[in-house]
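Q: Heads up: the sequence lines are chains A and B, in that order. Counted the way my numbering counts, the first sequence spans residues 1 to 92. Counted the way my numbering counts, the second sequence spans residues 1 to 161.
The hints are simulated quantities; they were obtained by calculation from the structure and are not laboratory data. In this text, a Cβ means the ideal position worked out from N, Cα and C, and glycines have one as well. Be careful, since some hints might not be right.
To be verified - The calculated lysine-lysine pairs, modelled on PhoX-like cross-linking and capped at a C-alpha distance of 20 Å, are:
(1) A:70 to A:51
(2) A:18 to A:3
(3) B:71 to A:3
(4) A:18 to A:51
(5) A:18 to A:72
(6) A:70 to A:43
(7) B:99 to A:18
(8) A:70 to A:18
(9) A:43 to B:99
What the hints assert, rightly or not - To be clear about the criterion: a stretch of chain B counts as covered by chain A if any three or more of its residues have a C-beta under 8 Å from a C-beta of chain A, and this derived list gives those stretches:
(10) 57 to 65
(11) 103 to 113
As the list claims (entries may be wrong) - Some chain B residues near chain A, calculated using beta-carbon distances under 8 Å:
(12) 11
(13) 33
(14) 50
(15) 51
(16) 84
(17) 94
(18) 97
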Amino acid sequence: MAKVLIPTPLRQYAGNQKEVDIAGATVGEILTSLTSEFADLRKHLYTDEGKLRSFVNVYLNDEDVRYLDKDKTAAAPGDTLSIVPSIAGGGR
Amino acid sequence: MIRIEAGAWAVMLEHAYSAYPRECCGILLGAENPGGERVVSAAFPCRNAYEGDQSDRFQIDPRDQVRANLKCRAEDIDIIGFFHSHPDCDAYFSATDLKNSWPWYSNIVLSIRQGAFAGAGSFRANDDQSQSETEELTYPSALPAPAADVAETAPGVESPS
């Protein structure tokens, strides 16, 4: 089981839980299971084409999975998967 | 409504002062009470990860959010929003801010003019980030002093004779 941390705005789509234990051998399997269990999460995490949205970052422990093996990144029991909003901006 | 506690407010301003004339950015940690008031009990300063001119742009380093999550889990608090500064600009929520925000979160903007605090506002984006609304914001009236070399030129601060 990996622990998936849900960002505050998305908890309403995950049974108001801060974190969820999800089984899976890879990041992709874990996210698939997560969005199967909480279907309303899917549209917030993935595009209609099934790609992770650009303003959503996924970290396995403290590593960005985009710089690992993306969905194929292996996850071990006890790992923490963080869904991290991309936040930016500026005055002009 | 969002209220900033003194310790968090000091961290936010000191981060904005030290980044000036670049934009600073950080994370607001706390909780929303049953009455709907958000209370910021801690501020988590972040690295501005924007690769370019940071005088009018910021990007929160996602790795800092991962670190902030650890603090939240340890202290049973939540990430309830973000803050950033507008050097020599007003405390408004720009189109760039809106486009790159997330719904639900509080977004506090600090106006820093000539190195000194000049106002703050809090804003929330709607679900499709097409509009934002102003959120009532309260913060301590006592301000941490900017660095001495900046204070001498700040409006309303008299230089020692």
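Q: Please list, smallest to largest, the hint numbers that this structure does not respect.
A: 4, 5, 7, 8, 12, 13 and 15
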